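> As a plain string of letters, each chain reads:
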Amino acid sequence: MRKLMDRRAFALVTMVTALALIAGACGGDDEPAATTAAPATTAAPATTAAPTTTAAPTTTAAAPATTEAEMTEPAEEPMGPTELDVAMVMLGTKEEGWYATFIDSVHRVADEAPHGLTITLEQIEEIPYADGERVIRDLAQTGDYEIIVAHSTYSDAVAAVKDDFPDILFAFSGSGNEPTGGNGYWIDVFIHEPAYLAGIIAGAMTQTNHISGVAAFPFPNVNGPLNAFIDGARFVAQQLGKGEITFDVAYIESWFDPATAQEAAAAQIAAGSDMIYAERFGPFAAIEEAEGVFGFGHFTDQLGLSPVVLTSAVARWDAAFMDLVDAWYAYTTEGVAYDAPMERIVYTSMVDGGSSLGEISDLVPADVQDGVAQAEAAILGGLLRVELKTDPIE
Amino acid sequence: MTDQITDRAPSDPQPEDGGGRRDPLSMLFQPGAWRIEKRLVVRPWHEFITLIAALVAAVAIIAGLVLVIGKSPADSFAALYNGAFGTRESTLETLVQATPLILTGLAAAIAFRAGVWNIGGEGQFFAGVMGTWFVYDLWGGLPAPLLFVLMFIFAALAGAAWASVASGLLVRYGTNEILTTVMLNFVILYILSYLLAGPWQSPDTFYYQTQRMADNTYLPRFFSVSRLHWGFAIALLAALAVYWLIRRTTLGYEIRGIGSNMVASRYKGIRVGTVTLATMAISGALAGIAGFGELLGLHHRVQLDIAEGIGFTGIIIALVARLHPLGVIVAAILFGALVNGSTAMQYETGIPKALVFVIEGTTLALVLIAAMVSRYRIRKTG
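Protein chains in written order, with numbering that gives the first Met the number 0: chain A, 0 to 393; chain B, 0 to 381.
If you're looking for bench data, these hints aren't it; they were derived computationally from the structure.
Hints may contain errors.
Keeping only pairs whose Cα atoms sit at most 30 Å apart, straight-line, the calculated DSBU-like set for lysine-lysine is [to be verified]:
| hint | chain 1 | residue 1 | chain 2 | residue 2 |
| --- | --- | --- | --- | --- |
| 1 | B | K37 | B | K267 |
| 2 | A | K388 | A | K93 |
| 3 | B | K352 | B | K70 |
| 4 | A | K388 | A | K241 |
| 5 | A | K93 | B | K70 |
| 6 | B | K352 | A | K93 |
Covered by chain A, per the in silico footprint, the following chain B stretches (three or more residues, Cβ under 8 Å) [what the hints assert, rightly or not]:
| hint | region |
| --- | --- |
| 7 | 82 to 93 |
| 8 | 290 to 300 |
| 9 | 346 to 359 |
Computed from a predicted structure; not experimentally measured.
Glycine is no exception: its CB is placed at the ideal position from the N, C-alpha and C atoms.
Using the sequences and the hints, build the whole thing.
Structure representation (structure tokens):
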């Protein structure tokens with residue numbers, strides 16, 4: 000840590016130059032003024048889900064229009080629905096990041112009361128893939144829910160059920176699904192941009208020039224943030240003249256196995272790693288036992304989880320959920336047919352609200368924090384484009 | 000002992016009298032007065048009464064737990080019941096849930112009858128799933144009836160083969176089959192994981208799953224309103240077949256023989272090794288057929304998480320059913336109802352699903368205790 004502090008002034012200068020360079024390199028062919036208008040196009044070219052460019056703009060464009068309308072509508076249109084009951088089906092428990100972030104987003108949207116709606120959320124936990132169809136049909140049959148979000152790999156189940164309940168809006172999320180169209184919406188978020196920002200901190204603070212990731216499966220949703228994390232770290236290290244950063248990742252082949260994740264992190268620490276991106280729960284326990292090693296949270300803001308956490312790449316489903324609410328509202332009040340695109344609707348960037356950087360620990364030197372803030376501003380301003388790489392890390 | 004009574008009731012004029020006038024509580028704690036002893040003959044009604052007592056105790060304990068988390072037990076049980084049997088659809092869905100459990104329950108029951116502890120139902124279930132997919136992958140273009148027959152045979156063979164790995168080691172080297180069957184559950188999942196990440200992986204996805212199977216491979220359904228498929232009929236037939244096998248055939252006699260006394264059976268001329276191999280093969284085949292039914296009846300796509308403990312629940316079901324093939328049907332429907340009703344319980348009363356596992360565990364523990372208790376009696380001696 001002390002050595003780090005000595006380098007603060009140097010880091011500050013280089014960070015600013017680095018960002019200027021990035022801006023110069025990436026900003027050339029973009030139009031900064033147009034960034035908020037066309038958010039999805041900035042990230043899309045590199046994604047595997049490239050077709051989302053056609054889907055995302057229509058849905059994201061709808062959101063601002065309705066948020067404006069919401070202020071006037073309740074008074075003018077008292078006939079519309081006043082309540083929206085949402086059921087959410089989860090593969091795991093609601094504390095896991097994938098679900099917790101969605102629940103948080105629903106609560107945030109509910110607080111805004113779009114269209115004057117009172118939104119309630121019913122949470123159904125630990126429903127295995129094999130049980131999805133039964134549970135989703137069960138929920139639909141109660142007639143209590145207008146939107147059913149099957150928040151994982153449930154597209155087979157939704158496909159089997161959705162036509163029997165044409166008034167209900169169904170949604171499913173993440174990798175491994177297949178599009179259903181009609182009233183079955185496939186949503187996703189990518190969080191590589193905040194992961195890049197976390198990588199900047201890792202690259203600036205690493206002492207050993209060896210950083211790591213502990214992750215679930217070599218899937219695009221998993222690889223995106225990992226690759227961005229290493230890109231951010233490598234770029235900053237290069238700017239600081241720290242030399243080559245080496246990176247390794249342990250895929251633990253499970254979505255939830257803290258013990259294995261902890262072991263993997265311990266092995267990485269033993270191999271000289273001192274910055275670990277915890278794509279799964281578990282590594283912080285190993286990091287806490289080591290000296291001078293820090294971790295980065297994934298999906299939820301995990302700063303409070305452990306003193307070794309420096310920051311987190313946070314997913315936000317607000318925009319995705321808002322679009323579902325709007326689609327349902329348009330169907331219910333104006334009879335606009337559900338027309339889910341035959342591809343994944345991805346909320347890829349910090350600009351279109353798919354992700355954000357979590358709170359940063361006080362352990363991160365002020366100049367590094369400044370650098371991150373500048374990089375964040377550059378991303379939001381469209382000056383810095385983080386490439387989404389979904390290939391596994393060898 | 001008599002001193003004690005005298006101390007407690009010094010004014011009693013007849014301290015030595017063994018009559019019914021003594022304080023019953025103090026009598027209970029006199030080893031000389033009451034004895035716990037083994038029954039020479041366990042009658043069916045002994046078992047029935049202890050089973051009912053166990054279930055009543057289980058309900059009481061669960062009601063207590065529901066109270067502890069601040070919910071109403073009556074509402075919870077009502078929601079559980081309505082979710083499982085409230086409507087025609089939910090009743091049929093309970094049978095859908097029971098279908099694989101009947102088969103894995105039978106798989107465990109027949110093995111346990113022979114005293115072979117096959118804990119590998121889960122792995123043999125997956126072997127059946129893989130056997131089915133293997134046929135579909137190679138010969139998917141065959142006419143549907145032939146394809147079904149082939150898939151069924153390969154599912155059963157694959158399950159039998161996987162179980163035979165453990166029984167082969169047991170018969171040849173005396174390897175503990177509990178350990179090998181449990182370990183083999185993991186081994187087959189890793190093999191499947193490899194196949195789903197490679198040769199069997201759907202080209203449309205990077206996810207560990209195969210492509211969706213063609214519509215003509217779906218097992219027919221009985222009703223338009225329910226997912227109940229022919230697998231249920233297969234399961235019932237399998238239960239009858241196992242009942243017949245155990246009760247009416249030589250092999251069944253030998254299975255019961257080595258299960259109750261292996262040494263005596265050996266002296267009597269029963270080839271214990273052969274019977275063990277045959278039993279495990281049948282057990283594995285039954286679990287494999289469960290995989291066949293689930294894949295073709297419900298999922299139509301191989302994934303790593305299509306079993307969700309079906310093989311392990313089968314063990315509980317077999318034990319609750321006292322290893323009786325027809326009892327397995329009842330126990331499987333009971334556990335299917337528990338799974339089916341628990342969702343309604345979760346969203347109607349907010350009780351976490353984890354309670355279902357507590358219910359299953361509590362029921363199992365109490366039923367096992369009841370089985371033990373029914374073999375004993377308390378008798379007044381002197």
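> Let me make sure I understand: some of the numbered hints might not hold for this structure. Which ones are they, in numerical order?
none
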